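Based on the sequences and whatever the hints tell you, model everything.
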Amino acid sequence: MKFDAQPILEGTHLRLRPLTPDDFDALYAFASDRKLWEQHPNSDRWKKEIFELFFQKALKSESALVAELIDQQSLVACSRFYDIDQGSSKVAIGFTFIDRKYWGGDVNREMKKLMLAHAFKSFENVVFHVGETNLRSRRALEKIGARMVGIVSAPEVMAAQENRVLYHLARPH
99 MKFDAQPILE
109 GTHLRLRPLT
119 PDDFDALYAF
129 ASDRKLWEQH
139 PNSDRWKKEI
149 FELFFQKALK
159 SESALVAELI
169 DQQSLVACSR
179 FYDIDQGSSK
189 VAIGFTFIDR
199 KYWGGDVNRE
209 MKKLMLAHAF
219 KSFENVVFHV
229 GETNLRSRRA
239 LEKIGARMVG
249 IVSAPEVMAA
259 QENRVLYHLA
269 RPH
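The sequence shown begins at 99 in the working numbering and counts up one residue at a time.
Quick caveat, the hints were computed from the structure, so don't treat them as lab data. In this text the structure is predicted, and so the values were computed from the model without any measurement. A hint or two may mislead.
What the hints assert, rightly or not - Within a straight-line C-alpha distance of at most 35 Å, the following computed DSBU-like cross-link-like pairs (lysine-lysine) qualify:
hint : residue 1 : residue 2
1    : Lys158    : Lys241
2    : Lys219    : Lys155
3    : Lys133    : Lys211
Quick look at the structure:
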């Protein structure tokens, strides 16, 4: 059975749904914050023309999801599935960015929980590629139990071709 990379997933506070062209303005409203990208390998993504390219690639991936607060119907994050490999029962989650107002709270935890639960219905393994200097994202992954397994070259789908720290989670049994 083919993996549904753009499901609608609902949690306690968040609804994840497929990214649409109409989401650009709402996402760029917080993606334009320089501080959001300062530890990211693509630290200039706050620039509109750079973000537009990123957004278009996310749309073309047909695997990007936006997270909206259920009670406010406002977008607070975006993430996607990639490197979908049903043959080796592995998928990656990444390209995640969250409105800084929600850093350190439950948004990332709930979004990852929903995406992981969905991924583990089809895959044994989920991986994450994080920029070596992106300590904030690395710590967030460690908080959800992801284990660092090494340093790898950036996957081809990533714009900045510098090394990434590879994190792994196995399906709970």
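Against the structure, the hints come out as follows:
1. For the proposed pair lysine 158 and lysine 241, the alpha carbon gap of about 31 Å is at most 35 Å, so the pair holds.
2. Under the criterion of a C-alpha separation no larger than 35 Å, the hint pairing lysine 219 with lysine 155 is consistent with the structure, at around 26 Å.
3. In summary, the hint linking lysine 133 to lysine 211 is supported, as the alpha carbons are separated by about 25 Å, within the 35 Å threshold.
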